[in-house]
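Trainee: Chains as they are written, first to last, in my numbering: chain L, 1 to 270; chain Y, 1 to 324; chain B, 1 to 368.
Read the hints as simulated data drawn from the structure, not as lab findings. Computed from a predicted model, the values in this text were never measured in an experiment. Hints are supplied without guarantee of correctness; some may be wrong.
What the hints assert, rightly or not - So, partial list: chain Y residues that the calculated Cβ filter (under 10 Å) puts toward chain B:
#1 A121
#2 N132
#3 V139
Idealized CB from N, CA, C, for every residue including glycine.
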Amino acid sequence: MSTGVATAPLVAAQGLVVGYPLASGGRREVLRGVDLALTRGELVALLGTNGSGKTTLLRAFAGTLHPDAGSVTLDGRSLGDWSRPALARRIAVLPQQLELPVGFTVAELVAMGRAPHARRLFASTAEDDRAVARALLDADAADLADRRAEELSGGERQRLLVAMALAQEPDLLLLDEPTLHLDLAHQVGLLSAIRRLRAQRGITVLAVLHDLNLAAGFAPRAVVLDGGRIVADGLPDEILSPDLVQRVFGVPVDEARTTEGRRHLALRLD
Amino acid sequence: MAPRLRTLLLVFLSLAAAACTPVGSPSPTVSQQPSISAAPSAAAHSVYPLTLTDDAGRSVTIPAAPTRIVSLAPSNTEIVCALDACKDLVGVTDFDDYPAQVASVTHVVIGGTVDVEKVAAAQPQLIVAAGNELTPSAVIDQLAQLGFPVLSLYPHTLDEVGDDILLVGRAIDAQAGATQLVASMRARAGALVAAVGSAERPRVFYEVGVFEGTIYTAGKDSFLASLITLAGGDPITGDPASTSIQLEDLIAADPQLILLGDAAYDSTITPASVAARSGWGGMTAVVDGKIIVMADDLVITRPGPRIVDGLEALARAIHPDLVP
Amino acid sequence: MRAAAAATTGRLAVGPSLTRTAIVLGGGAIVLVVAMVVAVAVGSVGVSIGDTAAILGHRLLGLPIPRTWSVGAEQIIFDVRLPRVLTAMLVGGGLALAGTVFQALLRNPMADPYIIGTAAGASLGAIAGLMAPILVPALAIGAGSSWLGLGVVQVLAFAGGLGTVLLVYAVSRTNGRVPVVTLLLTGYAVSSVLAAGVALLMFFSGQRLGAIFGWLMGSLANARWLNLAFAAPLLAISGALLVIRWRRLNLLLLGDEPASHLGLDVEREKLALTMLATLATSTVVAISGTIGFVGLVVPHLLRLAIGPDHRLLLPASILFGASLLALADLGARLAGGVPVGIVTALIGAPFFIYLLRRSRDLSRGAVA
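Using the sequences and the hints given, assemble the complete structure.
Mentor: Here you go:
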């Protein structure tokens, strides 16, 4: 986080207000003024209840949603000023789920991630081929390269999606609840891989997570959304207090300390 | 969007309803009402290359006297044969049945479709086509582009049949024969018209066909309607475009005489079966039993040299006492 | 195996290998040439292979061959069959290409080139053109009238097809987006209305009903060099612009939002693809009527054979669609000059049922 030296943020939201049109006419404001800046190489977990605006914030950062007020900038330039292909060369999104078209191999789907970089009309460049190979390796999906996408298991699909995102060679990786539907081993595996990639490639990561403890172990910075506003931003150990959890999530929790001294939140059931 | 389309449909409807005569350019001798003109002057020999205007208004140039002729309609075949050029026919349709000698001629029109390859293989020096899309205009274009002279015939009246025969006579250098034939046709027709001319005109319904409840008859201002008028009848007509008439309109028109043209091809259609149709029982013709099978439907509806036979058959059916 | 290779070279060549591309496209080209030769050599009038080759060599390649064939044979081969076969190839290729594009764009395996209104609009235009001399006697354009060498029917069909799709597209737009489902439903609704108009005109068509039916079934009988001159450049342009968009079509298969995240300006691309495919379809319909099944079945067959990657699929669809229609038209000619649309329907429909049963994946959609 802050190192005392002013570093220009890679991506920043300022006064962001985003809403959706309602069927009845009129708008439903989801984000009501969000300020959030990420510097290069930061690893940030985004937390909050359903409907607090997590996914909306992520989509605003991806450039898919246009703000009603405020702005999102990348390298200082408003997202709206970027062309879509240019944005896609810098930002990659790992979606919650993806309907994979039938008949493509894993390698072919990962190669689609090179689309924003495509230079030749019909063939791929050596650079593209290298990026695809690296993406598969880094996502631990190299052994899946020739498999048909529709034959993959849940965990294997997740690795494919990661590889697709990495093929874009992004500076910013946005993950939308990547651990949903994954078993424990895969959850750990995925988040560990993301941490490793951030170290290897210097990617900035913003991940929407729902498991508070997992988030605390994953990222050195957590941002909590409530009702479309940021209510906490900082070291998970410091900000994720039982107080906050009660206030934002409405459930009582007990806290404990792990052997390493990290705070752990335990749910209290009646 | 929807209102605009609706308006468009209404425009089409009103245009369709307002349509009168089937379209086509008048033949060389302009004569629209059913009448008989005097016989033309003594015939000459055609001089080639010869340029004629056909019934579609096209200018057709025939380089030399044709000795290889293709006919694309049974009526045209009959005209060519009536002018003594039957031996010159190198292509006819599979519907051609008169005269008997055309049975041996190659079929270039099968099931209503013109086989352009077969026509080209026959290398005709004149093609006689049928107008009003009976021979599709696209096919006529294609044949013309291949370099063949195509004469398109479409007579609207009895008089125009004669004019068409004269036209073909000029085209194939058979003017003497054509003049003679037309003169005798017109004389005969004139006599028939005179015989029934002053008699009272009964309301005549000519049944062309009844399919799945839709009744087909002579369209308004059509050739068939004009023939019936010449034959001394007052034709009940249908929509000029679809040639259909609704049953209630037919009942309201109340025919005094029903002529069954379709009975010539379908033996299940008889005066008794017609009288038994629901809704038909009240018509004067049915009550009086005046329903006649028209075995000669072919000559009535084929606008060729035998058309006066058709006129005679009609006149006899309408006024049996005046035409023996 | 691939992983090992990738590990050593640090590269992973993705996509169809050169050999595979050569086999598919080369094979397609060979099939096309053979189909063309057979279709020109065979017809309702027998012309010997020797004469056929000699005539083609003489007229097309300018070879100084002594004339040993009849005038009739030359007319048949060069003026009747050749333009017709070339038209069949152009039409078949265009329909198959448009069908492939629409199936990806609409993410619907049942999509054909006509689905968002092209057929209905072009039919109404063409039939209005066929009926004009009846409905408005003042418009008694004698047969053979033309505008820019094209008949009234062709011009109205072309305008009707394009115009209808523009209308459907405009109506489907909500909040600056055109959701695929809305496009499909609007296309269906507008097509239904226009079809009613067509039926109305058909009732009043009288003598012209046969011509109208032939047009609706789709027929290559009116093939002529002039129509080819109109259609060829339009198809070449739209075809080329579509074939180079293979990456974008692949991306669209992932869904609108994922495609957007991968750098595609989704709404602009959907519009471009729709318009290009509709241009190709309208051009084809204008000169041949609404021939069915080619645009529906060829993409499916090819996907089963070579996979869904549009890089190969698009050019392959052009080659094999062209061959298919050239041969179907040969069948139509030998069957007595029936409209070729009847032949494609007779072959296409059972084939499609066979495809459905054979490929279990098809129920999930070859396009997910």
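Trainee: Against this structure, judge whether each hint is valid.
Mentor: Results of checking the hints against the structure:
{"no.": "1", "hint": "A121", "result": "holds (5 Å)"}
{"no.": "2", "hint": "N132", "result": "holds (5 Å)"}
{"no.": "3", "hint": "V139", "result": "holds (7 Å)"}
When held up to the earlier numbered hints, the structure conflicts with none and fits them all.
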